Amino acid sequence: MRCMRFSPLLLLVALSLPAQDLKEFEKKVTEFTLPNGLHFILLERHEAPVVSFHTFVNAGSADDPAGQTGMARMIERVAFSGTEGIGTNNWAGEKKALDAVEDAWDRVEAEANKGPKADQGRLDMLRSQARMAMELSQRSNMAAEFGRTLDENGATGRSAIASFDSTSYSFALPSNRIELWFLMESQRLLHPAFRDFYKQRESVLEEYRKQYEANPQAMVIGELLAAAFKVHPYRNPPGGWAGDIQNLRRNAAKAFFDRYYTPGNITIAMVGDLNPAEAKKMAERYFAPMEARPPAPAVHAEEPPQDGPKTVVVEAAGQPLLAVGYKRPSEYDKDDPAFDVLQFLFAHGSAGLLNRELVQEKHLASQVQVGATFPSGRYPNLMVFLIIPAQGRSVEENQRGLDDFLARFKTLNVEERVLAGVKAQARAEFFRKLASNDAMANMLALHYAQFGDWRRLFTAFDDFDKVTAEGIQRLAAKYLVATGRTTAYTVPQGYSNLPPPASRTQSAERKTGGVQ
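Count the sequence shown with mature numbering (1 follows the signal peptide of the UniProt record, and there is no 0) and you get residues -19 to -1, 1 to 497, in order.
In short, the hints are calculated from the structure, not lab data.
As the structure is a computational prediction, the values presented were derived from the model and not from experiment.
Among the clues, some could well be false.
[Said to hold, decoys possible] No more than 35 Å apart at the CA atoms, straight line, and that leaves these computed lysine-lysine pairs for DSBU-like:
#1 LYS291 x LYS191
#2 LYS404 x LYS414
#3 LYS315 x LYS9
#4 LYS77 x LYS180
#5 LYS261 x LYS9
#6 LYS95 x LYS211
#7 LYS308 x LYS343
[What the hints assert, rightly or not] Estimated spans, in silico, between C-beta atoms of each pair:
#8 GLY373 x ALA236: 46 to 56 Å
#9 ALA236 x LYS315: 34 to 44 Å
#10 GLN372 x ASP446: 33 to 43 Å
#11 ARG274 x GLN372: 55 to 65 Å
#12 MET263 x ASP132: 16 to 26 Å
#13 VAL280 x GLN372: 34 to 44 Å
#14 LEU104 x MET263: 48 to 58 Å
#15 ALA269 x GLU7: 23 to 33 Å
#16 THR130 x ALA236: 22 to 32 Å
#17 LEU104 x PRO286: 40 to 50 Å
Even for Gly, the Cβ is constructed at its ideal location relative to N, Cα and C.
Working from the sequences, and respecting the hints, build out all of it.
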């Protein structure tokens, strides 16, 4: 493990968080919002001549339009493919070629939409024409130029990640290349070209096949979510369903981008060797042309209450796996800190209570993982238990072991010293991650976007410290109950002792699935 270096100030904040230390930390932070709504958070760290940049967009796969799951992932995949001015030697000609590609796919879509009446021969011909149009559009395509320009100027850690609730873009540059970031990022947001969209669509589709159709663990988790959520988009894979992915269109991606990639829906954090006054001037110069727009729409698909346990069985080769999820409220609920404490108490390291019981004492499991907030936290979600049975032990034994443990825990008196140790571990682990500029930029942007104040990154521990033994027992009794439970597990293919077909699957491609 790489040794991480902490600044003295960060250690003070991590260990105690008294008001005066937070005030000292605030002195290193510059925060401002442009007239168009774009928010910046700048943190000075002069230990090395490097700056980490993090662009946080408050939109993820949960915001994918109906029938277009995978759209947020597609935007992320073409993010660094260049702009109307970067990555081309003839934008007018390239745009004409890209429009021809869209026209070709329009014809494919029109024929395919005839359903059973579609002429398969004509459909094959139209698809061939669309592929030819794609090849022609590549002639003036220089999609790699955007990334190459960054790399030639010392960029490191270039990353784009689309999650359920958000999408983030990050990399670091030498501090004497800050203005290059302002130029490149502003152009990426102002004039995206969405080059190689259909090429990337094929890559995302292949990723889906590898991840969800050939990976039992991903399949089980996908089935767990599809069963647990009837209507909320948390039921969909973050990369989309295969049936939707293969029909995603570049024009629809542009519409999604215009709707969600608005100044008021984006937070930018910069951490490192920077001059805040100069950075603010560059922000105003490069990002002012972004037009203010109405707020992006929120997800309104409210999940109906679950009225009983659900079970889904996945026939799959390989190691057996058990996943159990319990319905819980969003991260904005007052009980959210208690779920985090519970996660650490149950399964953090060898001292975790559930880990100790199922792995070390009863030898039922080889591995136990607990997620306090899954798949994400903006909306009501799940507390998840993921268990890999030990060699020779069954999923059923582990299910009973988990049920017995939870039943006893609800009557257990957790000692305050144990709880204090768990809180200290959680605090130390969290702040250890913030040693890097990249992680700090990520968390500053995330906490501002989610809670409206980056200080929540630190003050949240006030609520964390208030969690009591009685509080987590009350939480377990309220939420870790059968009525809110969904279970997914694997059995060998062709296994004879299966529940009724309605609760079985051999594929993760179930867009309207779930267990009735």
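Here's how the hints hold up against the structure:
1. LYS291 x LYS191: holds, 27 Å
2. LYS404 x LYS414: holds, 16 Å
3. LYS315 x LYS9: With Cα atoms ~30 Å apart, LYS315 and LYS9 stay inside 35 Å; holds.
4. LYS77 x LYS180: holds, 18 Å
5. LYS261 x LYS9: holds, 14 Å
6. LYS95 x LYS211: Roughly 29 Å separates the two Cα atoms, so the pair holds.
7. LYS308 x LYS343: holds, 27 Å
8. GLY373 x ALA236: 46 to 56 Å: With Cβ atoms ~54 Å apart, the hint holds.
9. ALA236 x LYS315: 34 to 44 Å: holds, 38 Å
10. GLN372 x ASP446: 33 to 43 Å: With a Cβ separation near 41 Å, GLN372 and ASP446 satisfy 33 to 43 Å, so the hint holds.
11. ARG274 x GLN372: 55 to 65 Å: Distance hint for ARG274, GLN372 holds at roughly 57 Å.
12. MET263 x ASP132: 16 to 26 Å: Since the Cβ atoms of MET263 and ASP132 sit about 21 Å apart, the hinted range of 16 to 26 Å holds.
13. VAL280 x GLN372: 34 to 44 Å: holds, 42 Å
14. LEU104 x MET263: 48 to 58 Å: About 51 Å separates the Cβ atoms of LEU104 and MET263, which means 48 to 58 Å holds.
15. ALA269 x GLU7: 23 to 33 Å: At roughly 26 Å between Cβ atoms, GLU7 and ALA269 fall inside 23 to 33 Å, so the hint holds.
16. THR130 x ALA236: 22 to 32 Å: For ALA236 against THR130, whose Cβ atoms are near 28 Å apart, the range 22 to 32 Å holds.
17. LEU104 x PRO286: 40 to 50 Å: holds, 44 Å
The structure meets every hint from the earlier list without exception.
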